[in-house]
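Place chain B on chain A using the hints.
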Amino acid sequence: GAVVSQHPSWVICKSGTSVKIECRSLDFQATTMFWYRQFPKQSLMLMATSNEGSKATYEQGVEKDKFLINHASLTLSTLTVTSAHPEDSSFYICSARDRASANYGYTFGSGTRLTVV
Amino acid sequence: GDSVTQMEGPVTLSEEAFLTINCTYTATGYPSLFWYVQYPGEGLQLLLKATKADDKGSNKGFEATYRKETTSFHLEKGSVQVSDSAVYFCALVRSSNTGKLIFGQGTTLQVKP
Numbered sequence: 212g213a214v215v216s217q218h219p220s221w222v223i224c225k226s227g228t229s230v231k232i233e234c235r236s237l238d239f240q241a242t243t244m245f246w247y248r249q250f251p252k253q254s255l256m257l258m259a260t261s262n263e264g265s266k267a268t269y270e271q272g273v274e275k276d277k278f279l280i281n282h283a284s285l286t287l288s289t290l291t292v293t294s295a296h297p298e299d300s301s302f303y304i305c306s307a308r309d310r311a312s313a314n315y316g317y318t319f320g321s322g323t324r325l326t327v328v
Numbered sequence: 032g033d034s035v036t037q038m039e040g041p042v043t044l045s046e047e048a049f050l051t052i053n054c055t056y057t058a059t060g061y062p063s064l065f066w067y068v069q070y071p072g073e074g075l076q077l078l079l080k081a082t083k084a085d086d087k088g089s090n091k092g093f094e095a096t097y098r099k100e101t102t103s104f105h106l107e108k109g110s111v112q113v114s115d116s117a118v119y120f121c122a123l124v125r126s127s128n129t130g131k132l133i134f135g136q137g138t139t140l141q142v143k144p
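These protein sequence lines are chains A and B, in that order.
If you're matching positions, the first sequence starts at 212 in the working numbering and goes up one per residue.
If you're matching positions, the second sequence starts at 32 in the working numbering and goes up one per residue.
Treat the hints as calculated values from the structure; they're not laboratory data.
Bear in mind the structure is a predicted one, so any value in this text is a computation, not a measurement.
Just so it is clear, CB atoms sit at the ideal spot from N, CA and C, and this is done for glycine as well.
If a hint is listed, it holds; no wrong ones were tucked in.
Covered by chain B, according to a simulated footprint, are these stretches of chain A (three or more residues, beta-carbon under 8 Å):
1. 253-262
2. 296-309
3. 320-326
Which bits of chain B does chain A cover? Going by a derived footprint, with three or more residues having C-beta under 8 Å, they are:
4. 71-80
5. 135-142
Just chain B, with the same shape it has in the complex:
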């Protein structure tokens, strides 16, 4: 079945460091891919998305490119801030799967000043 695998956390970085959170997926066809962010005690917010191969999603300095050949959607940011500390979830959806989002296990990011 469909699945999403994220790198294990927590990831601890100093402010202004470069961030990469790896995400790979298994799915038939051409799923849409998402990154969501969850701040403590809150629901999820969409960070960015890509709906077809080679698309690049970007928002708030974060970006991720839909790589069909490597079935990956790695999240990157050039310079993280303390306010980026949160849990990040990679997810996919297939149109034939009743629209259900399949989530990765989440990666906790902690940015220290």
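Extracted from the complex, chain A is given alone in its bound form:
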């Protein structure tokens, strides 16, 4: 079945540094990637939607200059958290939409636990 590889699975960084998270669709073409943020024991909050070759669409309240999203190819999307601060610590999950799926096939990455110290 469809697989999305998300790396790293966890990362610890210092305040003020930047962290890049990658999501790759391994055996399908992902026309659309979604990036979510999940706080402990809470639901997923959609941060942005990215389409291959175009600028990401950010949800209201999400700082696009802080959370940089790049979707340069049909198999790779990256989220860069710039100048990270402790309040950015969270679980980040990507989801890829399978171009070939007729029934809204979504495949999720395994998530990245970001801790900013």
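Chain B only, in chain A's frame:
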């Protein structure tokens, strides 16, 4: 706007008990409905889905029926196992909404041996 409401958790059951997790939705038109499961420290896995009214999605002993008249998509399983312990999310998507999944708040299920 579109929304999904799930029953509050956590739900604690003994092994082999019957499970119901309620899910209701608000959306215009005919959304597709999903149940996802999240195990600790992992991403989400699709459990089952239904794309039109009266469809029944089923997988691994879980099932849910798309009820348009009650705008519900309740998750059921006849006999839960300890390995079913996880967080369950109900979600919907509308084709006119750029394919964005709208999630419920999640329900934690804990099954005790």
